[in-house]
Amino acid sequence: MAYSEVEEVKGEAGNFAVKVRKKARYVEEDKCIGCGLCAAKCPTLVPDEYNMGMGKRKAIYKYFAQGIPSVFTIDPLYCRTFQGKKCGICKKVCEAKAINYEQKDRVVDLNVGAIVLAIGYEIFDPSVIELYGYKRIPNVITSLEFERLLSATGPTAGHLERPSDMAMRDEIKGLERRIAGLKGTIKTFEERYGKSTGEFYRQYKAGELGEEKDYKEWAKAHEIIPEVGKKLEELKSKEPTFHTAKSIAFVQCTGSRDLRFNSWCCTYGCMHSVKEAICAREHEPEMQSTIFYMDLRAHGKGFEEYCVRGAREYGIQLVRARVAEITKGEDSKPLVWYEDRVTKKVEKRPFDLVVLATACVPSKGIEKLSKMMGFKLNEAGFVKTDPASHMDTMDTSVKGIFVCGCAQGPMDIPDSVAQASAAASRAAEVIKQYG
Amino acid sequence: MSKDVLIIGGGIAGMQASLDLADQDIKVHLVERLTSIGGKMAQLDKTFPTNDCAM
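From first to last, the protein sequence lines stand for chains A and B. According to the numbering used here, the first sequence holds residues 67 to 501 in order. According to the numbering used here, the second sequence holds residues 679 to 733 in order.
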């Protein structure tokens with residue numbers, strides 16, 4: 067059941083009564099064939115969460131192209147119909163007759179013998195670290211944002227464009243649209259009143275025409291165009307300086323292993339950055355990546371070899387340093403300040419892109435679920451497990467409720483998968499015991 | 679008494695647990711908050727240390 071949330075859990079191992087709210091998609095799941103005609107015609111653009119806000123999706127959308135279930139969903143926060151405006155385009159174009167603006171949330175009652183928590187984690191918001199300037203300094207991004215830039219399904223189709231250039235290109239497009247709109251307005255008035263704008267404006271300024279609404283609007287459009295045009299030219303003159311990223315800094319342990327924020331290690335950050343640096347070099351042969359790290363924790367099977375290969379074959383420079391500050395530099399290149407442990411001096415280096423390897427923090431809904439279901443959380447806020455006193459590491463403090471993956475603490479994909487199998491087998495034991 | 683299992687979260691862990699249970703002929707209800715399952719892993723391009731595609 068996708069697009070659903072657990073609302074209530076009662077009972078005990080072998081017999082839990084669960085209420086799940088199935089949210090209204092405003093699209094009939096059994097009718098939608100996922101053809102995407104609705105999204106193609108939808109006029110409303112919305113920042114795309116899947117691409118971390120870089121790039122746009124429509125108000126009727128699928129979270130990502132390969133998403134399962136393969137049905138579309140209307141986002142009522144943005145959909146014109148739900149915002150009281152005239153639209154209904156998706157309903158008109160849908161050949162499967164799947165759009166249903168009247169659909170309501172449904173509460174489904176379930177009876178289950180065991181529960182597995184696989185609620186994952188949240189990415190630490192690095193904007194609370196003032197000195198790193200995330201969201202304030204252009205081209206300072208998080209590792210997941212960088213992942214989207216690298217991805218062929220991402221907002222740049224895998225080209226390593228700098229977000230500052232992307233933003234400016236969007237601004238240029240916006241201004242061009244604005245000018246086209248203003249020109250359209252002027253043309254309408256010229257046709258309506260049968261005179262050229264030059265003639266109209268002379269008469270208007272001479273006070274021969276009065277202050278009618280149409281005249282005011284016409285005059286304003288005429289006056290604004292040169293202003294907008296000037297701004298557009300200014301931005302366009304910068305276009306030749308746009309370039310893809312050729313140098314990247316990875317700032318490890320952003321918000322991790324730092325008593326001011328999160329004391330724990332995210333466990334995957336080092337390997338994630340090495341992987342991103344390797345992939346970046348595959349995209350851009352001239353790429354120079356530098357990883358600023360505390361220790362390089364490469365603790366899994368084949369991990370150490372991967373790091374060595376990254377440094378040898380992909381030219382990744384590994385610098386042991388804790389980045390102190392990131393500041394604005396010329397040409398939207400952030401400056402990374404750090405202490406060089408060889409020269410024993412504070413250095414600063416400009417990079418096209420700075421990638422923050424962000425910490426792994428408990429998911430937002432975890433406290434609500436913990437209160438609802440009664441399981442305990444540990445000091446960090448992840449689901450508490452106690453292998454010392456329990457039979458199994460996957461057991462929570464409530465019998466019949468198990469946990470796996472990042473819900474119980476940071477871990478990488480293979481560990482999550484292994485834990486998931488362990489939690490599944492514990493759940494199966496409960497089912498066999500009570501069922 | 680019920681023989682079903684509820685799995686909360688449709689990321690890589692939730693999906694793996696669901697598949698394992700379903701393979702044992704246990705009925706699974708997988709609840710996901712977002713409109714598609716896949717979780718954070720679906721946002722990744724490639725995975726270490728093999729550089730396999732995440733999707």
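These are computed hints drawn from the structure, not numbers from a lab. Check before you lean on any hint, since a few could be wrong.
[As the list claims (entries may be wrong)] Simulated coverage check for chain B against chain A, where a stretch passes if three residues somewhere in it have a Cβ under 8 Å from a Cβ of chain A:
1) 686-693
2) 700-712
3) 715-724
Quick reminder that beta carbons are idealized off the backbone N, C-alpha and C, glycines included.
Looking back at the hints listed earlier, which ones does the structure fail to meet?
-> The structure breaks none of the hints.
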